[in-house]
Each structure stands twice: as C-alpha cells, then as structure tokens.
Amino acid sequence: MTGTGTLLGFSLRRERIGLPLWIGGTGLLFLIQSVQSQNLYGTAEELAALRGTLGGNTAVIAMSGPVELLDSIGGEIVFEIFAFAAIIVALMNMFLVGRHTRGDEETGRAELIRSARVGRRAPVFAALALAALADLAVAVAIFAVAVGTGLPAGGSLLVAAALGGIGLVFAALTAVAAQVFEHARGVYGAVGLAIGAAYMLRAAGDAGNPALSWASPIGWGQRTFPYGGQQRWWPVLVMAGVALALVGVALLALDRRDFGAGLVRSRPGRPRASWALGSAAGLAWRLHRGAVIGWVLGVGMLGVAYGSLGDSIEQYILDNPEVAEFLPGGAADVVDAYLALTITMGALLAAAFGVAAALRARAEETAGRAEPLLATAVSRRAWLGSHLGVALAGSALVLIAAGFGEGLSYGLTVGDSGQAVRMTGVALAYLPAVWAVVAVAALSLGWWAKAAAVAGWVAVGYCAVVELFADSFGLPEWLLQASPFVHVPEAPLEPVTAAPLLAVCAVAVVLVVAGLAGFRRRDVGY
Amino acid sequence: MSAIAISGLTKTFGRTTALDGLDLTVREGEVHGFLGPNGSGKTTTIRVLLGLLRADAGEVRLLGGDPWADAVALHRRLAYVPGDVILWPGITGGEVIDLLGRLRGGLDRKRRDELLDRFDLDPSKKARAYSKGNRQKVALVAALASDAELLLLDEPTSGLDPLMESEFQRCVRQVKQDGRTVLLSSHILAEVEALCDRVSIIRLGRTVESGTLRELRHLTRTSIAVETARPVTGLADLPGVHDAVFEDHRARFDVDSQGLEPVMQRLATLGVRSITSTPPTLEEMFLRHYGDEDRS
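Here the protein sequences come in this chain order: A and B.
Under the numbering used here, the residues of the first sequence are numbered 388 to 913, in order.
Under the numbering used here, the residues of the second sequence are numbered 4 to 299, in order.
Note that these hints are calculated values from the structure, not bench results.
The beta-carbon is built from N, C-alpha and C at its ideal position, and this holds for glycine as well.
Any given hint could turn out to be false.
To be verified - Heads up, incomplete: computed chain B residues facing chain A, CB under 8 Å, no partners named:
{"id": "1", "residue": "Leu53"}
{"id": "2", "residue": "His78"}
{"id": "3", "residue": "Leu106"}
Claimed, not checked - For each label pair, taking beta carbons as the anchor points, the in silico distance ranges come out as:
{"id": "4", "chain 1": "A", "residue 1": "Val422", "chain 2": "B", "residue 2": "Gly42", "range": "36 to 46 Å"}
{"id": "5", "chain 1": "B", "residue 1": "Asp164", "chain 2": "A", "residue 2": "Arg657", "range": "49 to 59 Å"}
{"id": "6", "chain 1": "B", "residue 1": "Asp164", "chain 2": "A", "residue 2": "Arg908", "range": "48 to 58 Å"}
Stated by the list, open to error - Here are some chain A residues pointing at chain B (derived, C-beta under 7 Å):
{"id": "7", "residue": "Gly656"}
{"id": "8", "residue": "Ala750"}
{"id": "9", "residue": "Ala754"}
{"id": "10", "residue": "Ser766"}
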C-alpha cells in the first residue's frame, strides 16, 4: 500500500485534462436527454402514447432498455440514455485503470515507480482509487443534472449511484484484465468486448428472455427502475459486491506474477511478411484494417437501428408533430424525409472516418514512421496516396454499410427485400460530398500539415452543423454554400441527377491532387 | 567518382540554423565516419541526402543524382538505418524487414535469415514488444540484407550491447569488402576509429575537420591513470603530456597520441602495477580544439 496516496495525486495530475471531459460529457449527455424528453413527452398522455408506439417495437427496446421504464418521465429518460451513458462510463473506467496499470507497466514507467519506496499493490490501488473518484464525480454530475432539470431527488440519487456502480464494476474488471494480458492493447480489447457483451446481453434480455439482462451490469443498472414505483437499491449493492470480488481476483493474480508478465503470453506474429505486405498500399491497409472493419460494423449497426424505426416513424410523427420540424420536407413524405436525414447522419460519419484515416498519415509522419518508408523506393505520392486511398475507399464502404444496414432492416419491417439495394444506392448519392470533406484534409496534409487535423475536423463539424442545425439555427443561405452536402441531392427525398454529383466529385479530385502535389514540395517530418 | 558530394549545404528551420555551409565528400567504396556531438546536424544532413528535407542553399549530389528530384530512383540503390528506429506496434520485426526489403526492390532471403541469427533477433515478436536495441536490429538487418551500393547509417549502434556492436562492425567490414560505400554517423570516436577510412567532423552545422584518421591523429589524446612501484618522476617534462597530477606512486595525465611512446617507455622503467587508459570523448576533443567561441 505504501505510496498509494502519492501515486493517486500524481495520476490525478496526469488526467487533469481528459477526466473532466469524460465527466462533463456524461453529464451533458444526460442533460440534453432530460431537457429533450421533458419537452417532447412532458404530459402523461404523451408518455402513454409513446409507450404505445415503442412497446411493440422490439428494435427500439433492444437498443434502449426494458419497456417497464416508460411509466414516468424520469424512467423515459433512463430508457433512452442509460445504456449509452453506462457504456461511456465503462469506457472511461477501462481507459483510466488500463492506462495507470498495464499501460505504465508496458512502457516501463511503472518500473521506475516500483523501484522507489512503493508497494507492489500500490499502483493498482491508486488506479482503482482514481477510477472510484471519477465514478463519484460522474454520480455527482448526473445527480446534479437530474435534480437541476426537475427530476425527483430520490430517483436521481439512485440513477447516479447505478451509473457510478457500473463504472466500479468495469474498473475492477479492467484491473483483472491488466494482470492477465501483457499489453494495454489486449486489456482494452478484452474489456471492450466485455462492455459490448454487457450491452448485447441486456438488449437480448430486454427484447426477449429477461434472465439475460440479469447477466449484464448495464441490465442491473436499468432494473433499479429509479423513477418508477418499484425502485430497487439492491442491484447497486450487487455491483459493489462484484467490484470487490473482482478486485480480490486482481490482487491474487498480481501477487502471483512477475513484473511485466501477464497470465496469458502474447501470441507471436508472423516471422515473415505475407505477400499482401509488399507495398505502401499493403501497409496502409494493414494499419487501417481494424478501424475500417470497426467503422463499417458500427455505422452498419446504426443504419440497422435507424431502418428498424422507418415503419413506426409515420405513426410517431402523427403523435409528435414537433419532431417533424427537424425533418427536411416536413410532415409530407415523412418516411423519405426520415430516410434522407438518417442517411445524411451515416454520410457525416463516413466523412468523419475518412478524415480520421487521412489524418493518420500525419500521425505516421510526425511519429517518424514515414521516414523509413520514404527512404526506400516509395515515392511521396505513393506513400500519402496509400493513406488517402484507404480514407476514400474506406469512407465509401462505411457509407455503403450505413445504406445497406438501414435498407435491410427497413425492408424487413415493411416486407420489401429490394430496400437493401435501393438504400445502398441512395447512400452512394452522398459519396461525392463525403469525398469532398476528406479531400479538405488531403489538401491541408500537402500544404499546411501542422493545421491538417484542425482543417479536417472543422470541415466535418461545419458540414454537420449545416446539415443538422441550419434550419433550427436559421443560418443564412450564403453560410451554407461551402458544404458539399448542400450541393448533392437529398436522396431519396429529392431526385438524383448526375451533374451535381460529378461537379462535387471534380472538386474532391482537384483538392486531393493539389494535396499530393503540395506534399511533394515540403519537408517531411516537420 | 564520389558517392556523396555536398558543398555549402545550408538548412534552417524557422529561426534555428541546423546546417550552416556544410561540406562532405564520401568516395565510392569507403567507410566514412560522420562525427559530431548531439545536435550538430548529422541527422539533418542525412535527411537532406534522403530527399526528405529540401536544401536551402548549397550543392548536394548523391550517387551522381539530385537527392530531392531523383529520390525514388536513388533510393533503390541505398539503404538507411535511422538513429531512432520507430516501428508499427502491431507488426512483427520479420514483417518489417520483408516490407522494407520489398519496397527497396527485393532482399536476399538467405542473408536475411543469417543476419537474424547473427544479431540474435526474434522476427516473430510484434514491434511493441521490442526494446530499443531490438528495434535498431530490425532496421540494421533490413539494411544489411539488401544489395544497396550505399548504406546511410545514423548512429546505428546507440542501443546495441558490446557483443552486438562487434557483430555490427564485422558486418560493416564485410560490406566494405564487397566494395560498397558506408556513411556512418556517430558521436563515439572509438567506433569510428575501428571502422572508418576517412572521417568528417561537424559542429554547429559546419564541417570543422575532414581527412583520414592518421591525418586527424593530432586531435586525439589519451587519458592515463597509473600506479607504479617506484615514485613517478620525469613524466611532466615529456612532450605531449598535459594536465598531469602526480601523487607519489600514482599519476593521472593526458597525453597526445604522438607522445604515447616515450611516455610508455618511461612508465615501464617505474614498474607499472596498474594502468587504465581512456580514449577521449568527442565532447572533450571539441572543447579542447574548438573552444566555446562560436557556441551561442
């Protein structure tokens, strides 16, 4: 235990920037949901209507939580946001504990610390104490937001405690994983999988057999029914008990292993490169592969979720005319307007992926990993082009996944198998706009490399604001014109014609070519 | 013909001047030592040679071409080992060696496996599990397994243990026997002395000395600490002895390389009980020969 206090103080200092963002972000998420829900379903009739619409929609229940929550406005808020807030809190705990235990051990920082007058268990205790403090702060923030937006104090205390408790469980689970795996990456992989499993189990449980929900900490949290008649505190105690037991397991494992070692040895890789790893493009694909697959699956799932609501949307709009204001085209063509809006969301996410992938080139360059490649017979155009190629092709795949997923589930609910193909085509109408956004990042990589990250993300953010908030903010027309999304048709609401697509595509090509040309002129690595 | 010919090379980054009129000539088939203290501009020079940085002024020729304009064609004929080898964490050392070899235009598989053996490197480990020394070995094996006619090595042994360092020296001698050219940057004088035909010494982005090791011998001075059976006398007056401290049966002093022989003869008559000699560090040498006059 010696040194735990000092280490805790030190880790708080290391986390002084990131931690407030996690805590504030979780609070903000709850705040937005609370305000929005109370505006939309403020009366008992509106709530009853919502329960009627959603009660029969398995997809929404699987995404959100048990339908029993929908008996009060507070419960409705928990229904919509609790599972997502729980995932964020779980991720925060995973990164906090992982970074300060296995992460430090892997980089050798912990060796320096352990050589001082510090007990063997001190780093683990300090990391867990850090996580506990962070969970307490999250709970305080959630409680303050809930009470501040007019929800009853007792229920707010329970929902805050349930979120904090979920955090503790995953903090303790990360502490166990940190003893098992040799590298932080393995720890994050395993705990990330556990978080995903917790969400999927409660989804299966809420939509089907409730026993499955009881296998998930997120399920325990939702089943406290904080604002309902049958409030339960005991699931919070279950969380605390599980967390304590996991800490015990972590300590047992810690006392039995060598410093730097794990219980599972990391697998050796290939001693020789496969044929695929023989070019700059092959390396780029290898580096981006995981991200491409993750984004395609994630955005595809989001598309499935959006699509599953397509059929209910008409009924939903009739019940909630306020929502129609957010849809392009208003209440007429409601389904097409809804599909256009949600596909636009998918396109914005595809653009975000593309920008992130393009910016990876800059990260490689500043880390010094471009230098050994550019010292071989790889031209600058081929090297930057390899990353931009993955960014452009990958963003197309993400966009296709959004359209295909949405079409698939929408087609299933309305009994029209052609929808998957149709919606894939609809999504591709947004591809030139997606590429134009990625091309902004490409251009700045060539000419203003130090500002490339800012330029790329500003482009994404600007397009998102223009697409999602232009009407509600009443932005002037001239301010919107720079967004490529304004210039491509809002399929399937508007007919698709070739001219605007080709024009936006041409702009994208010019920007990418200019970026490649700029990269041939500048110093590399600075 | 020269493999590398640089004259008056200047490179600035904002307000810092990294290279200030540097000259460097490396003849074909020689091992050329490129010496200078940390931050003197060795790495910047090599990056200009690789076409990664554009020269602000001066003439740079590499293997008869322009390193900026003909980068890709020239890179087929050279191999490079960076001073700080940074690899992709999820890719194994063996994969990196193969990748870099293929990107350069093929590598000799037999020599690759032999080098892995000689450097005792496990190619199936992912790069995140390698120590600094092992990452350096990955880059060394990739470079040495190639048929490149020019090797650019930027402080290639900074992470290696003495055993591996001598293995490295054997490899470089082999490369020299094959008639290939090596530019070996270093801040360790002894390493350069062991391998190089000619040496260029740079400081603050400028070449201060260039020539064969014999020509530069006047720069080197050895520090000697000795314990003798009889009291130490008659040493201080010998030519080339500096900073001597005598203490009955013990003495510590520095001696120029030309003065070594008479000093050793004198010591032999005193009955040497123990003796340690240390080569001068480059930093000491610089302090002595160039003073601090242009260090700002």
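request  = May I ask which of the numbered hints given earlier this structure violates, with the numbers listed in increasing order?
outcome  = 4, 5, 6 and 8
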